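Engineer: Quick mapping for you: the protein sequence lines, in order, are chains A and B.
For the first sequence, the numbering used here begins at 1 and goes up steadily by one.
For the second sequence, the numbering used here begins at 217 and goes up steadily by one.
Please note that a few of the clues may not be correct.
To be verified - Computed spacing ranges between beta-carbons, pair by pair:
#	chain 1	residue 1	chain 2	residue 2	range
1	A	Leu130	B	Val415	26 to 36 Å
2	A	Asp54	B	Leu237	50 to 60 Å
3	A	Ser36	B	Asn259	41 to 51 Å
4	A	Asp54	B	Gln238	31 to 41 Å
5	A	Glu195	B	Pro249	21 to 31 Å
6	B	Tyr343	A	Glu195	34 to 44 Å
7	B	Glu300	A	Gly12	55 to 65 Å
Derived by calculation from the structure, the hints in this document are not laboratory data.
The model shown is predicted, which means the values in this text are computed figures rather than measured ones.
By construction, the Cβ of each residue, glycine as well, lies at the ideal position given by its N, Cα and C atoms.
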Amino acid sequence: MLEVKNLKKSFGSRVILDDVNVTVKDREILSIVGPSGAGKTTLLRCIAGLETADSGEFLIDGVAFDPAASDTSESVIGVVFQDFNLFPHLTVFENIMLAPTMVLKNTKSEAQDEAKTLLNNLGLDDKGELYPHQLSGGQKQRVALARALAMHPKILCYDEPTSALDPNLRREVEKLILKLKQDGMTQLVVTHDMEFAKMIADDILEVNYLDNSNQK
Amino acid sequence: MSLNYISEILPSLFQGAGLTLQLFFWTLIGSLPLGLLVSLGLNSKIKPIKWILDIYVWLMRGTPLLLQLIFVFYGLPLIGVVFERYDAAIFAFILNYGAYFAEIFRGGLQSIDKGQYEGAKVLRLSYFQTIRKVVIPQVFRIVLPSVGNEVINLVKDSSLVYVIGLGDLLRAGNIATSRDVSLVPLLLVAVIYLVMIAVLTYILRKVEKRYSYK
Numbered sequence: 001m002l003e004v005k006n007l008k009k010s011f012g013s014r015v016i017l018d019d020v021n022v023t024v025k026d027r028e029i030l031s032i033v034g035p036s037g038a039g040k041t042t043l044l045r046c047i048a049g050l051e052t053a054d055s056g057e058f059l060i061d062g063v064a065f066d067p068a069a070s071d072t073s074e075s076v077i078g079v080v081f082q083d084f085n086l087f088p089h090l091t092v093f094e095n096i097m098l099a100p101t102m103v104l105k106n107t108k109s110e111a112q113d114e115a116k117t118l119l120n121n122l123g124l125d126d127k128g129e130l131y132p133h134q135l136s137g138g139q140k141q142r143v144a145l146a147r148a149l150a151m152h153p154k155i156l157c158y159d160e161p162t163s164a165l166d167p168n169l170r171r172e173v174e175k176l177i178l179k180l181k182q183d184g185m186t187q188l189v190v191t192h193d194m195e196f197a198k199m200i201a202d203d204i205l206e207v208n209y210l211d212n213s214n215q216k
Numbered sequence: 217m218s219l220n221y222i223s224e225i226l227p228s229l230f231q232g233a234g235l236t237l238q239l240f241f242w243t244l245i246g247s248l249p250l251g252l253l254v255s256l257g258l259n260s261k262i263k264p265i266k267w268i269l270d271i272y273v274w275l276m277r278g279t280p281l282l283l284q285l286i287f288v289f290y291g292l293p294l295i296g297v298v299f300e301r302y303d304a305a306i307f308a309f310i311l312n313y314g315a316y317f318a319e320i321f322r323g324g325l326q327s328i329d330k331g332q333y334e335g336a337k338v339l340r341l342s343y344f345q346t347i348r349k350v351v352i353p354q355v356f357r358i359v360l361p362s363v364g365n366e367v368i369n370l371v372k373d374s375s376l377v378y379v380i381g382l383g384d385l386l387r388a389g390n391i392a393t394s395r396d397v398s399l400v401p402l403l404l405v406a407v408i409y410l411v412m413i414a415v416l417t418y419i420l421r422k423v424e425k426r427y428s429y430k
């Protein structure tokens with residue numbers, strides 16, 4: 001279970017997150033929905049350690065952790081970015097195997113076996129030797145997902161998983177996320193698409209503009 | 217233009233070309249890593265480091281390489297720093313080319329999307345791992361054509377060492393021309409430069425091809 005308590009974050013004088021509380025229960029999906037500019041991506045970036053919160057607490061299974069620390073022995077958060085951020089100079093296999101070999105110090109063959117399994121499960125069996133630019137948007141997203149899963153995160157976060165894709169791929173993303181839920185993954189999905197959120201989420205957190213005085 | 221004469225002067229020209237290649241080789245060995253380090257510093261958030269490196273790049277690019285060679289070999293001894301001719305040449309070339317490479321790499325580094333760093337960070341790669349495995353390979357591909365340009369310039373710039381009395385290819389040809397009152401040595405010098413550059417161009421193309429993934 002992931003708990004975020006009293007999270008505050010401002011950029012300069014502009015308050016983005018004011019005392020936000022988030023709970024994601026094990027094996028559930030929480031959707032964070034709101035208009036753009038409401039701070040939902042900032043919230044996700046704080047949880048992923050890409051922004052430093054001004055104040056607040058992060059707990060995983062009741063134990064405090066620092067999302068920005070890179071020296072923890074376990075992965076807490078995995079992220080599938082809006083535009084995937086795959087490494088263009090590496091093949092699909094290399095993208096997936098990089099962190100397991102560099103960070104977890106797995107052997108190359110262990111990492112490759114796992115990458116193969118992940119790709120099989122995601123229907124990308126024959127794509128391992130390709131480079132990201134040879135993939136479609138949906139395939140890139142699944143590679144990004146495989147890359148995140150290879151680090152065995154406790155929580156998987158998605159930033160706008162439908163926005164960089166063809167609208168008719170929305171169903172596919174939905175199936176993918178629900179399948180991972182069946183496999184026992186705890187997931188947090190940031191989206192502006194309320195309809196999509198309703199399809200996948202056990203729980204929805206709506207983030208609204210704080211108040212007009214903060215919006216310029 | 218007798219073949220006899222050509223075979224007579226070729227050994228001394230090849231000897232000069234050898235020195236040119238040595239200079240070329242050692243300058244690259246020194247200036248490429250120097251340029252990489254300086255470019256990382258130029259992108260650093262620590263302002264004093266950036267200022268010092270900015271000044272270094274400005275000095276090296278803002279004054280003639282010829283002046284820098286003369287300064288190192290004839291100027292520095294006046295304040296007690298004495299270099300051998302050959303060391304002076306390599307020292308000046310490494311400092312000069314390091315600055316050019318730093319500027320090229322800086323541009324390359326800045327063209328890497330922030331998302332690449334973030335992608336690496338959430339996978340918990342360290343800064344050093346990110347630079348080595350994610351950033352440098354991409355920068356390398358981007359800067360390769362510009363680096364290739366500088367590398368080719370370097371072959372020709374190495375002829376400037378005549379000013380501190382080193383016997384490179386051009387100097388060897390020049391000596392033969394004035395001794396024998398013949399154009400042949402200079403023509404041969406041109407041919408040797410052209411061959412060296414042709415080989416380099418070929419190698420650079422191969423490397424570019426090898427590292428392109430698009």
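Engineer: Mind checking the hinted window 21 to 31 Å against the Cβ distance between Glu195/A and Pro249/B?
Structural biologist: violated, 54 Å
Engineer: Does 34 to 44 Å hold as the CB distance between Tyr343/B and Glu195/A, or does it fail?
Structural biologist: Holds: the Cβ-Cβ distance is about 41 Å, inside 34 to 44 Å.
Engineer: Can you let me know if the beta-carbon spacing of Asp54/A and Gln238/B is within 31 to 41 Å?
Structural biologist: For Asp54/A and Gln238/B the Cβ distance comes to about 58 Å; the hint is violated.
Engineer: Per the hint of 41 to 51 Å, is the separation of the Cβ atoms of Ser36/A and Asn259/B within bounds?
Structural biologist: Since the Cβ atoms of Ser36/A and Asn259/B sit about 30 Å apart, the hinted range of 41 to 51 Å is violated.
Engineer: Should the hint that Glu300/B and Gly12/A are 55 to 65 Å apart at their CB atoms be regarded as holding?
Structural biologist: holds, 57 Å
Engineer: Indicate whether the distance between the beta carbons of Leu130/A and Val415/B respects the range 26 to 36 Å.
Structural biologist: holds, 34 Å
Engineer: Against the range 50 to 60 Å, how does the distance between the Cβ atoms of Asp54/A and Leu237/B compare: consistent or not?
Structural biologist: This hint holds: roughly 59 Å between Cβ atoms.
Hint check: violations occur at hints 3, 4, 5; the rest are consistent with the structure.
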